[in-house]
Each structure stands twice: as structure tokens, then as C-alpha cells.
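K.L.:
This is what each chain is made of:
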Amino acid sequence: MRPGADPWLVRCYRRVLTAYPPGFHLAFADSMALDFSDALRDAREEARLWAVAHFLVSVAADLAWSVTREWALTPVPWLTLGYATTIACVCEGLASATMRNEFDPWVVVALLPLVSAITYTCWFLVPDIRRRRDRPTCLTSVA
Amino acid sequence: MPDDLPALTPAVFHVLLALAAGDRHGYAILKETQARTDGRMKMQAGTLYGTLQRLLDLGWVEEVDPPPDEADARRRYYRLNRDGRSAIEADVRRMENLVKAARGTRLSLRHRPA
Numbered sequence: 061m062r063p064g065a066d067p068w069l070v071r072c073y074r075r076v077l078t079a080y081p082p083g084f085h086l087a088f089a090d091s092m093a094l095d096f097s098d099a100l101r102d103a104r105e106e107a108r109l110w111a112v113a114h115f116l117v118s119v120a121a122d123l124a125w126s127v128t129r130e131w132a133l134t135p136v137p138w139l140t141l142g143y144a145t146t147i148a149c150v151c152e153g154l155a156s157a158t159m160r161n162e163f164d165p166w167v168v169v170a171l172l173p174l175v176s177a178i179t180y181t182c183w184f185l186v187p188d189i190r191r192r193r194d195r196p197t198c199l200t201s202v203a
Numbered sequence: 002m003p004d005d006l007p008a009l010t011p012a013v014f015h016v017l018l019a020l021a022a023g024d025r026h027g028y029a030i031l032k033e034t035q036a037r038t039d040g041r042m043k044m045q046a047g048t049l050y051g052t053l054q055r056l057l058d059l060g061w062v063e064e065v066d067p068p069p070d071e072a073d074a075r076r077r078y079y080r081l082n083r084d085g086r087s088a089i090e091a092d093v094r095r096m097e098n099l100v101k102a103a104r105g106t107r108l109s110l111r112h113r114p115a
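Residue numbers (our numbering), protein chains in the order written: chain A, 61 to 203; chain B, 2 to 115.
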């Protein structure tokens with residue numbers, strides 16, 4: 061850590077960087093944290109509170125936009141949506157057959173957010189957490 | 002590199018322009034872009050590294066070893082290669098043609114002091 065950098069803010073930033081897709085995170089997280097630390101130090105050298113506040117707001121906006129964009133460039137959101145739609149359709153199909161009702165597509169639409177969240181957690185998030193946990197410590201950054 | 006390449010986005014243009022002057026690490030690219038545009042374009046790390054990722058995938062930019070005088074070993078340096086140079090040259094030519102076309106009209110194109 062360089063002098064002048066705020067360790068807890070940089071630590072928070074590093075934690076937020078895990079929101080990027082794993083490949084992107086592995087490739088650029090260390091460089092991004094280093095740049096953030098330098099930019100924060102520069103903003104503080106301006107010795108104005110608004111400079112730091114403005115910098116943090118623009119970093120937050122950039123993170124929100126770029127995390128969304130990087131995920132959208134991976135197949136994960138589309139696969140999640142595909143799996144979730146299939147599961148929701150099967151559930152609604154079975155329920156309507158059991159209760160002798162008509163298949164209601166609006167039930168599928170209503171179920172989609174919850175089923176997508178569960179699908180994403182089971183298919184992508186948990187395996188990713190396991191992979192990160194099982195990664196040898198020699199491959200994790202100490203920066 | 003064909004001349005009919007689509008217009009580069011501002012982020013791609015400024016990253017290529019910064020690297021056209023020599024090998025740079027990420028923060029140097031950000032600072033140079035900010036200085037070159039008088040602070041009008043303040044790129045943040047997410048945009049920069051997303052752009053660099055795509056330029057690396059396109060093969061316009063490559064990662065190189067840091068120079069021997071680099072104090073921080075964690076810094077990663079990037080270099081513009083021949084395809085990247087051709088792309089930015091084509092974009093500059095495209096913009097020159099646009100300016101030339103605009104000068105042929107009655108638009109006032111005199112430089113206005115900031």
C-alpha cells in the first residue's frame with residue numbers, strides 16, 4: 061500500500077471488484093485496485109472534500125455501469141434466463157396439470173425473478189465461490 | 002486495416018491515442034486522457050480495463066514487460082501494435098474528412114477560447 065492511500069476504502073473497493081465476472085476480475089482486479097489507490101491519493105492531494113466525494117461518486121457510477129456491461133458480455137445472464145424460464149414453465153405446467161387449470165404464462169413471468177435468482181445462485185454463484193475457495197493461496201494476491 | 006472501419010468510441014480512441022505515444026500502464030492512460038481533454042473526459046478504471054480487454058481480444062494492444070525503471074512491479078504495461086496503430090490512423094483520417102466537409106459549409110469553425 062502506498063502512503064496516503066486509505067486502506068479501508070481500497071479494501072472496500074477490492075471487495076466490490078469481486079462483482080465482476082471471474083475472468084475479468086482475475087485479469088484486472090489488482091491493476092484496478094492499484095489505480096484506485098493512486099487516484100484516491102491524487103484526489104486527496106487536492107485537499108478538497110468535494111474532490112474526494114466527486115471521485116468516489118464517479119467510481120461508483122463507473123462500477124455500476126461496467127459490472128453490468130461485463131456480465132452482459134458473458135453468456136451467464138442469458139443462460140440463467142433460459143434455465144429459469146424452462147424451470148418456471150415446467151413448474152407452472154405441472155401445477156396446472158395437477159389442479160386442472162389452464163397454463164398461465166403470467167405465472168411464469170411472476171416466478172421468473174425468484175427462479176432466476178435461485179438458478180444463478182445454484183448454477184453459477186456457488187460453484188464460483190467454491191472455485192475461489194479451493195484456489196491455492198499462492199495464486200491469491202496479497203496486494 | 003480497412004479504411005471503412007466503424008468510428009471508434011471515445012474510450013477506445015483515447016486509449017489508443019495514449020498508447021500511440023508509447024507503452025503505458027493503466028493509471029498513466031487515465032491521467033494522459035484527462036490531461037489531453039482538459040479534464041472533460043474522466044475515464045474510470047472499469048471503463049478503461051473493459052476497453053483494454055476488448056483491445057487485447059482484437060489484437061490491437063498487447064501486454065508488455067514493465068520498463069526497468071518502473072518502481073512498482075505490480076504495474077502492467079500495454080503497447081499499441083500495428084493493427085491498433087492502423088485503426089487509430091484510419092479514425093483520424095475519417096475525422097479529418099469530416100472536418101474538411103464541415104469547412105466547406107458556412108459553419109463557423111474558428112477556435113473559441115475556453
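The hints are simulated quantities; they were obtained by calculation from the structure and are not laboratory data.
As the structure is a computational prediction, the values presented were derived from the model and not from experiment.
Note that CB positions come from ideal geometry on N, CA and C, so glycine has one too.
Don't take each hint at face value.
Claimed, not checked - Just a few of them, taken from the derived set where beta-carbon distance is under 8 Å, the chain A residues facing chain B:
| hint | residue |
| --- | --- |
| 1 | M92 |
| 2 | L94 |
| 3 | F96 |
| 4 | S118 |
| 5 | V119 |
| 6 | W125 |
| 7 | E130 |
| 8 | W131 |
| 9 | A132 |
| 10 | T134 |
| 11 | D164 |
| 12 | D188 |
As the list claims (entries may be wrong) - Derived Cβ-Cβ restraints for the label pairs, each shown as a range:
| hint | chain 1 | residue 1 | chain 2 | residue 2 | range |
| --- | --- | --- | --- | --- | --- |
| 13 | A | T128 | B | D58 | 17 to 23 Å |
| 14 | B | A72 | A | W131 | 31 to 37 Å |
| 15 | B | N98 | A | D194 | 23 to 29 Å |
| 16 | A | R104 | B | D66 | 39 to 45 Å |
| 17 | B | R86 | A | R104 | 52 to 58 Å |
| 18 | B | K32 | A | A132 | 44 to 50 Å |
| 19 | B | R86 | A | R101 | 28 to 34 Å |
| 20 | B | P68 | A | V76 | 40 to 46 Å |
Unchecked claim - Some chain B residues flagged as far from chain A (calculated, every beta-carbon gap over 12 Å):
| hint | residue |
| --- | --- |
| 21 | G27 |
| 22 | L53 |
| 23 | G60 |
| 24 | D66 |
| 25 | P68 |
K.L.:
Is the nearest Cβ of chain A still more than 12 Å from the Cβ of G27/B?
P.N.:
The claim is violated: G27/B sits with its nearest Cβ about 5 Å from chain A, within 12 Å.
K.L.:
Does F96/A hold up as a contact with chain B if the rule is Cβ-Cβ below 8 Å?
P.N.:
Hint on F96/A: holds, closest Cβ of chain B at ~6 Å, below 8 Å.
K.L.:
Report holds or violated for the interface hint on A132/A, using the least CB-CB distance to chain B and a cut-off of 8 Å.
P.N.:
violated, 11 Å
K.L.:
Is the hint on D188/A kept, meaning its closest Cβ partner in chain B is under 8 Å away?
P.N.:
With Cβ-Cβ at 19 Å, over 8 Å, it is violated.
K.L.:
So L53/B supposedly isn't at the interface. Is its beta-carbon more than 12 Å from every beta-carbon in chain A?
P.N.:
violated, 8 Å
K.L.:
Classify the label on G60/B as holds or violated, using whether its beta-carbon is more than 12 Å from each beta-carbon of chain A.
P.N.:
At roughly 16 Å from the nearest Cβ of chain A, G60/B sits farther out than 12 Å, so the non-interface label holds.
K.L.:
Please check whether L94/A passes as an interface residue: C-beta within 8 Å of a C-beta belonging to chain B.
P.N.:
Status holds, d = 6 Å.
K.L.:
Are A72/B and W131/A spaced within 31 to 37 Å by their CB atoms?
P.N.:
Holds, at about 35 Å.
K.L.:
Does the nearest C-beta of chain B fall within a distance shorter than 8 Å of the C-beta of D164/A?
P.N.:
violated, 41 Å
K.L.:
Note whether the CB distance of P68/B and V76/A lies within 40 to 46 Å or breaks it.
P.N.:
violated, 31 Å
K.L.:
For the hint 44 to 50 Å, verify it against the beta carbon of K32/B and that of A132/A.
P.N.:
violated, 29 Å
K.L.:
Can you verify the interface hint for W125/A: is its Cβ closer than 8 Å to any Cβ in chain B?
P.N.:
holds, 7 Å
Violated hints, in rising order: 8, 9, 10, 11, 12, 15, 16, 17, 18, 20, 21 and 22; the structure is consistent with all others.
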